[in-house]
Amino acid sequence: GESVGLHLPTLSVQEGDNSIINCAYSNSASDYFIWYKQESGKGPQFIIDIRSNMDKRQGQRVTVLLNKTVKHLSLQIAATQPGDSAVYFCAENSRPRGGSNYKLTFGKGTLLTVNP
Amino acid sequence: GAGVSQSPSNKVTEKGKDVELRCDPISGHTALYWYRQRLGQGLEFLIYFQGNSAPDKSGLPSDRFSAERTGESVSTLTIQRTQQEDSAVYLCASSRSSFPSSGNTIYFGEGSWLTVV
Chain A
132 GESVGLHLPT LSVQEGDNSI INCAYSNSAS DYFIWYKQES GKGPQFIIDI
182 RSNMDKRQGQ RVTVLLNKTV KHLSLQIAAT QPGDSAVYFC AENSRPRGGS
232 NYKLTFGKGT LLTVNP
Chain B
3 GAGVSQSPSN KVTEKGKDVE LRCDPISGHT ALYWYRQRLG QGLEFLIYFQ
53 GNSAPDKSGL PSDRFSAERT GESVSTLTIQ RTQQEDSAVY LCASSRSSFP
103 SSGNTIYFGE GSWLTVV
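So the protein lines, in turn, are chains A and B.
If you're matching positions, the first sequence starts at 132 in the numbering used here and goes up one per residue.
If you're matching positions, the second sequence starts at 3 in the numbering used here and goes up one per residue.
Isolated chain A, as found in the complex (with noise of 0.2 Å):
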């Protein structure tokens, strides 16, 4: 079946670095993807958005980028603090064929280390 999934399961970064987390989908049909924060302990937490008419969104210190071509998305943080760490999970909205509703689906997530 279609999934998503993630490149590196860890990621380890010095504080103040950049940061890039890579997810590949596989479901050509996925119209909508986003990027989940999780801490420890919690639910996971909206971080940014993309549509697939769009290849790159930025908020702040975040920027996905859509790579359609290759079904790669990246979530980017700059200047990476202590407070980002945690996994985090990209997800893709997609409706199957025939069906009439949108179901979300997740990646395995990445966990994000940042040292001070």
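No wet-lab data here; the hints were simulated from the structure.
Just so you know, not all the hints are guaranteed correct.
Below, computed lysine-lysine pairings styled on DSS-like, alpha-carbon distance capped at 30 Å [to be verified]:
1. B:LYS59 x A:LYS168
2. B:LYS19 x A:LYS173
3. A:LYS173 x B:LYS17
These figures come from a predicted structure and were not determined experimentally.
Let chain A serve as the given structure and place chain B on it in line with the hints.
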């Protein structure tokens, strides 16, 4: 309320017992999702409700799992005859509708931590 509310936040139950987990979505949100997350794992889709449409139950792992939703409000996830492999965090999320858009963010609750002993 301001966010998605789940209860109980923690539940320890004996193997074989039934449990009910509750989710209060954000007011006005017609779409409601249940996910399961085992320790150190990703989020596993369980079930999805959208308004008055038939729910998408394709993610329920067995017939011991069921969920109900009253209109566009509270949802209850029930696990019958719990097994140790049911131990996980059960996350509920809601959104304004199922149509994906930047204004249709999906918000998660803090989860219900279930431990089956």
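For each hint, the structure was consulted:
For the hint pairing B:LYS59 with A:LYS168, the CA-to-CA distance comes to about 26 Å; that is within 30 Å, so the pair holds. Under the criterion of a C-alpha separation no larger than 30 Å, the hint pairing B:LYS19 with A:LYS173 is consistent with the structure, at around 26 Å. Between A:LYS173 and B:LYS17 the CA atoms are separated by roughly 25 Å; this keeps the pair inside 30 Å, and the hint holds.
Of the numbered hints listed earlier, not one is contradicted by the structure.
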